[in-house]
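J.: From first to last, the protein sequence lines stand for chains V and W.
Counting from 1, position 94 in the first sequence corresponds to residue 94 in full-length UniProt numbering; the numbering is continuous, with no gaps.
Counting from 1, position 39 in the second sequence corresponds to residue 39 in full-length UniProt numbering; the numbering is continuous, with no gaps.
Don't read these hints as lab results, they were simulated from the structure.
One or more of the hints may lead you astray.
[Claimed, not checked] EDC-like, lysine to aspartate or glutamate: derived pairs with alpha carbons at most 20 Å apart:
| no. | chain 1 | residue 1 | chain 2 | residue 2 |
| --- | --- | --- | --- | --- |
| 1 | W | K10 | V | E354 |
| 2 | V | K237 | W | E66 |
| 3 | W | K10 | W | D30 |
| 4 | W | K10 | V | E355 |
| 5 | V | K395 | V | D459 |
| 6 | V | K296 | V | D398 |
| 7 | W | K29 | V | D418 |
| 8 | V | K338 | W | D20 |
| 9 | V | K237 | V | D101 |
| 10 | V | K415 | W | E28 |
| 11 | V | K4 | V | E26 |
| 12 | V | K381 | W | D36 |
| 13 | V | K149 | V | D29 |
| 14 | V | K338 | W | E95 |
| 15 | V | K304 | W | D45 |
| 16 | V | K304 | W | D39 |
| 17 | V | K286 | V | D398 |
| 18 | V | K4 | V | D29 |
| 19 | W | K10 | V | D373 |
| 20 | W | K29 | V | E354 |
| 21 | V | K381 | W | D39 |
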Amino acid sequence: MHNKSVAELSRDLDSGQVSSVELTQEFLDRIKREDSKYNSFITVTEEQALADARVADEQRAAGNATPWTGVPFAHKDIFCTNGVRTTCGSKMLENFVPPYDATVTANFREAGAVCLGKTNMDEFAMGSSNENSYFGAVTNPWGLSQGNKRVPGGSSGGSAAAVAARLIPAATATDTGGSIRQPAALCGVTGLKPTYGRVSRYGMIAFASSLDQGGTMARTAEDNALMLNVMAGFDPKDSTSIDREVPDYTATLNEPLKGLRIGLPREYFSDQLSPAMEQQVRNAVKEYEKLGATVKEVSLPNAKLAIAAYYVIAPAEASANLSRFDGVRYGYRCEDPKDLMDLYTRSRAEGFGEEVKRRILVGTYALSAGYFDAYYLKAQKVRRLIQQDFINAFKEVDVLMSPTTPSPAFIQGEKTSDPVTMYLEDVFTIAINLAGVPAMSVPAGFVDGLPVGLQIIGDYFSEARLLNAAHQFQQVTDWHQREPQ
Amino acid sequence: MTISREDIEKVAVLARIRVDDEQVSALEKDLGNILDLVDQLGAADTDSVEPMAHPLNAVQRLRADEVTETNQREAFQAIAPATENGLYLVPRVIE
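Please take these sequences and the hints and turn them into a complete structure.
T.: Shown next, in the form of structure tokens:
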């Protein structure tokens, strides 16, 4: 059962071959048995899950089922869950039990899906290795057989590792600079970051509000489509949510790819990319040519500035967003504050981890008097140049393809000494968030026994086309079905 | 771009994060490296470029001026570190 996709489990539930209670118990047992190796969950909600599963079975029996009724999944611990603690990977929120649901949480609840728990993540979604979690690093299921503890990527490392290890068929995730696509690539699963504004950010703990976007992670493109069907849509509670019709993302999965125009950005096939990685990505593009796609080289001339622009914009927005953690209304409070300033400064010094504090300080600096124009405004101008590159590229081609990451999963501790070394991990993913366009990572081969991700980037609101392209690729390849040993 | 000890101490106060003396050297190095990375932006010609705030140029929606939220004081205060009589408690600010 644990190797089946959401679509398959949904059919099995529908035919009565298995009940939701049985399925839920099986995945709970797997988590209990296996997760000590990965640390992919922060919280497991066993009792609630079994209660929800019983309700789901009743709803199926009564004929009120959606495709998700009774299907187990997990939430990244950044989505607020009413009555279930939501930590965002931080000591600051170690005991925070939200009094409300995120819109994404409510949508899955409404659809009858059974949430088994909350997955581990880099603190406040800041990181590319999941080593910044207050609840401990997550270990990538791949590489363990070689005797190495490798990172799963980040910040949605718990979701990616749990899906790869078959502890759960699907998990929600979020992506501010690559936090869905990079862990999906490193763990050999399929992930989608939708267009900015496609999925509500209400109740999704904010990091950088002009970049953050909730999205999907599962083993197949079809399951990503099923997830997006539940998650996408206008939400008046999110002022940046876009009011635009949501298609049925599963309806176009089987469209033929004949005539699909693929662009390969030459800046993403640079010397940062290892030859072995490049070979895997080029092989994947050849599969697309066999499916009838045409390929040409394109250019994103300003992409090289993306990391620099991002490390102004994201910390600046983070410094504003995280000012809400003041030790007064909720979250961590220091012992025996001697005055109000001491309460603020010590609660924040003790409650936040090192990387979060670095980014708040950088962001505060970039926004401070005398520096705002030179940093924040300049970065926002560069952001427009980067966006214009994508707009120009999509006049010539339908999708862009590139590697998701410059190299496969690295060993824990390898990149923790200098923050900038870690930032370069997102060199191929960050520009997409700045532009706000959607992108996926799809399993596309292996280097030294470790998964390689193919990044597929589309124009605004082209999620259906991306999912279609990924699904067709998965009909002729089996990289996404490989299981870590 | 280097960042001085004084800059770090000033920013830490603005950010309301206590930074101990022994942490300042490490922060000088790490923040200096991040600002070096960011300085690449200077190379871009952005003279006639409008700053971009939202990828789809969306503007804030306005809603009707009606009460839509219900009072949930008890639920919100149940998760606060310290409350009394419906108020949040902080150290004394007025002597």
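J.: Mind checking the alpha carbons of K4(V) and E26(V) for me, to see if they're no more than 20 Å apart?
T.: With a Cα-Cα distance of about 12 Å, the restraint between K4(V) and E26(V) holds, given a limit of 20 Å.
J.: For K304(V) and D45(W), compute the direct alpha-carbon distance and say whether it is at most 20 Å.
T.: The hint holds at about 14 Å.
J.: Verify the proposed pairing of K29(W) with E354(V), using a straight-line Cα cut of 20 Å.
T.: holds, 14 Å
J.: Check the hint pairing K286(V) with D398(V) against an upper bound of 20 Å on the C-alpha distance.
T.: With a Cα-Cα distance of about 16 Å, the restraint between K286(V) and D398(V) holds, given a limit of 20 Å.
J.: With the threshold set at 20 Å, check whether the alpha-carbon distance from K4(V) to D29(V) stays at or below it.
T.: At roughly 16 Å apart (the allowed maximum being 20 Å), D29(V) and K4(V) satisfy the hint.
J.: Hinted pair, alpha-carbon criterion (20 Å max): K381(V), D39(W). Please report holds or violated.
T.: holds, 14 Å
J.: Is it true that the CA of K381(V) sits at most 20 Å from the CA of D36(W)?
T.: Given that 20 Å is the threshold and the Cα spacing comes to 19 Å, the pair holds.
J.: Just to be careful, I want the Cα atoms of K304(V) and D39(W) compared with a cutoff of 20 Å; is the pair within it?
T.: At roughly 13 Å apart (the allowed maximum being 20 Å), D39(W) and K304(V) satisfy the hint.
J.: Within a Cα-Cα threshold of 20 Å, do K29(W) and D418(V) meet the stated pairing?
T.: holds, 9 Å
J.: Between K10(W) and E354(V), is the straight-line Cα distance small enough, at 20 Å or below?
T.: Given that 20 Å is the threshold and the Cα spacing comes to 18 Å, the pair holds.
J.: Taking only the CA atoms, is the gap from K338(V) to E95(W) under or equal to 20 Å?
T.: Between K338(V) and E95(W) the Cα gap is close to 13 Å, so the pair holds against 20 Å.
J.: Keeping to a limit of 20 Å between CA atoms, is the pair of K296(V) and D398(V) held or broken?
T.: Given pair K296(V), D398(V) holds - Cα atoms ~11 Å apart, limit 20 Å.
Figure legend: structure checked against the earlier numbered hints; the only hint not met is number 13.
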